[in-house]
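Asker: Below are the chains, spelled out letter by letter.
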Amino acid sequence: MLPVNYAILKYFTKVDEGSADDVIEALKDKYGKSRLLKKNAVVEALMTAEKNFILEETRFELDENNEIKIYYKAPEDGKATINNYIKEK
Amino acid sequence: MENGSSIQVPDNALAAKKKITASFFRKGIILAILSGMCYGCYSAFLYWATGRGVWVNWYALAASTSSLLMLGALGSAINDTISGIWCIIIAAFKGKLGDFFRVLNTKPGHIMMLCALFGGPIASTAYVVAFKMAGSMVIPITALCPAIGAILGRLFFKQKLNLRMIIGIIICVIASCTIGLSAAGADGNAKFAGCLIALIAAFGWGFEGCVAGYGTSLIDYEIGITIRQCTSGLTNLIILVPLIGIISGNAGSSFTHIVQAVTSGPAMIIFVISGFFAVFAYSLWYKGNSMCGAALGMTCNGMYSFWGPFFTWIIVGLLVGWPNMGLAPISWVAAIVMAIGIFLIAMNPMDLFKKKEAL
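Protein chains in written order, with my numbering: chain A, 1 to 89; chain B, 1001 to 1359.
Treat the hints loosely; a few may be bogus.
The calculated lysine-lysine pairs, modelled on DSS-like cross-linking and capped at a C-alpha distance of 30 Å, are [unchecked claim]:
| no. | chain 1 | residue 1 | chain 2 | residue 2 |
| --- | --- | --- | --- | --- |
| 1 | A | K10 | A | K33 |
| 2 | B | K1107 | A | K38 |
| 3 | A | K33 | B | K1160 |
It should be emphasised that the hints constitute simulated quantities derived from the structure, not laboratory data.
All chains, please: the whole structure from these sequences, using the hints.
Answerer: As C-alpha cells, then:
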C-alpha cells in the first residue's frame, strides 16, 4: 500500500484531470480513515504539487455548495517525476 | 472572466479562486516565519540545556577543538534524537505512523534522509569546526544559505527567481550578517580554511532547505520531519560522536559522554523542550519552502538569525536570569531590514499602488 500523498499524486498519472473531490472519491475505499485524505489536506497537497510544477491547474468552478473546485492534471514531465519517485508495489 | 483554459467563468468563481490562492501563499509565508521563530526558541533552550548539569563542567574544562566539537555534536545528537521521539509521538497521535514506515524505504524517503545528513551532521559539524578555525567571520558565509537554496531551487526545480527576489535575498543576507557579527564580535582573525569549511555548512543548509522543501510536495511534511530528525539524531549519536572520540584518540570518552549526558536530569528536562521546538523549526521550514518556493521560504526562515538571539535574551536572559544575553541595538534595525527584504521577495511593491489605483 502506498503512503496517502504518494497515492494522491499517482492518481494523476492515470486520469486526464481531477479535483480534490475526485481524488477523495477515488481513494476513499483504501485510505478513507486517514487524516491526509480530508478535504483540506488534499486541497493543500494538490496546491503544493502545483507550486512545485508536479501538477498543473486546468480549470476551476464553483460547486453546488458554492465552494471553489480546482481541477489539475499532471503534465508529461510531472508524470515522469511522479513515476520516477513513486513506484507502485 | 476566463480561467486557465480560456473558458468563461463567473466573477464569483474567480474571486473564490483568488482567495484560496492568496490564502495558500499567506499560509506558506506565515509557516516559514514561524519556523524561524521556533528555530530561535529551540536554539535558546538548547543553549540553556548545555549550560546545566554535567555540561557546566564539560564546557568549563573543554580546551581543545576536538572536545568542543564533541560537545557540539553531542548537544545536537541529544536534541535531534529527542526531537525525533517527539515527531514519532505526534505522527502516531495524528495517525501518520503507518505512512512514516511506508515512506522510509522509498526514493523520496531516501532523499529526505540525505537532506537530513547534509543539514544535520555535515552542515552543523562544519559550522562548529569553521567557527573554531575562523571565528565570527564564518557567520556571513553561513548566512548565504537562503541564497544558495534559492539558486538550487531555480536550477533543480525551475522555481521562480527574478531580479527583485535576488535583491530581497541580498538585503536579508546583509541584515543577517550584521546580526551575526554584532552578536559574536568581529575578531578579524580570518582563516581561509575555516571560511571554506563554512561554505560546506551554507551549502548543506541550502541544499537541505531546497531539496527537502521540494520533497515535502511528495511526502507529508510531518512524516518528512520525522525522517529528518530520526536520521540526524541517530547519525550524530551512533556515528559522529564516536567518530570524534576515535579521531581525538579517546574512543571510550564518547560513550561515557553519551551516558552522562542522558542521565543528567537538569539538562535533559530542557532538551525535551528544545527538541519539541526543533520539530516545528524544521517541519515548518520544509512546509513553508514547499508552499512558497525555496527563495521566499528560506529567507523568511532566515530571520532565525534575529529570533535566535531574541529568544535567548527572553528565555535565558530575562526568565532564567543569565547575564549578558541582551541584543545589540543593531539587531533590531537588521530585523526590520530583513522584513523589508522578505517583503520584496514576496511581492512587487508596485502592486500595492496598482491595487490602490484599481480601487
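Asker: For each hint given before, does the structure comply? Return the numbers of the non-compliant ones in rising order.
Answerer: Result: hint 3 breaks, nothing else.
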